[in-house]
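Novice: Chain by chain, the residues run as shown.
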Amino acid sequence: GDSVTQKQGQVTLSEDDFLFINCTYSTTTYPTLLWYVQYPGQGPQLLLKVTTANNKGISRGFEATYDKGTTSFHLQKASVQESDSAVYFCALVGPGTGSNRLTFGKGTKFSLIP
Amino acid sequence: DMKVTQMPRYLIKRMGENVLLECGQDMSHETMYWYRQDPGLGLQLIYISYDVDSNSEGDIPKGYRVSRKKREHFSLILDSAKTNQTSVYFCASSPGQGDTEVFFGKGTRLTVV
Chain A
4 GDSVTQKQGQ VTLSEDDFLF INCTYSTTTY PTLLWYVQYP GQGPQLLLKV TTANNKGISR
64 GFEATYDKGT TSFHLQKASV QESDSAVYFC ALVGPGTGSN RLTFGKGTKF SLIP
Chain B
76 DMKVTQMPRY LIKRMGENVL LECGQDMSHE TMYWYRQDPG LGLQLIYISY DVDSNSEGDI
136 PKGYRVSRKK REHFSLILDS AKTNQTSVYF CASSPGQGDT EVFFGKGTRL TVV
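So the sequences go chain by chain: A and B.
Under the numbering used here, the first sequence has 75 at position 72, and the numbering climbs by one with no breaks.
Under the numbering used here, the second sequence has 109 at position 34, and the numbering climbs by one with no breaks.
The hints are all genuine.
Keeping only pairs whose Cα atoms sit at most 16 angstroms apart, straight-line, the calculated EDC-like set for lysine to aspartate or glutamate is: (1) Lys80(A) <-> Glu18(A); (2) Lys112(A) <-> Asp113(B); (3) Lys157(B) <-> Glu92(B); (4) Lys52(A) <-> Glu176(B).
Keep in mind the hints are simulated off the structure, nothing from the lab.
Same shape as in the complex, but just chain A:
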């Protein structure tokens, strides 16, 4: 079945550093790949969507890309700020096209070095 692996449990950086979070996926169909962000005390909210059609998504200074050859997709931001502190989840739509189901990674908690 469909699966997504997000190995980075926690990332800690200094302000203005480059943030990079990686996920790998497994699916038998053309993937729609998502990034969700969860701020403290809130539910997750959609940050970016990447499909085989657009290969890239950009929102709020974040960029998401995917690599079909390595079945991986990435979230990156050039210069992180305190307001970016949150948990980031990658997710895969499926199984199957037209599905309502999302398969989530385990999440990466990002915080700034105090």
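Once you have looked at the hints, place chain B on chain A.
Specialist: Same frame as chain A, now just chain B:
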């Protein structure tokens, strides 16, 4: 303002008690979900509902059941709660087939003692 509302936000129950978590959405979305979130495990799908009285098991349905009698309302029921059901429960909704914008509520933190 489009939103998913969960009640209650915090709940403490004794082992063996019944638990009812309620969720409402004001967007007329067809599809609704219940997820649980545990540290290090991410979000796990318990049940998905495609419309009124059209519910399907997710990945971890054991120990839970759901009810959807109105499109805007979706309930999660724990009959005889167990300590391992202590978790944060999220309700969510989306417009319909293939739409990837899933809207989440703020969650209910359930503690079973």
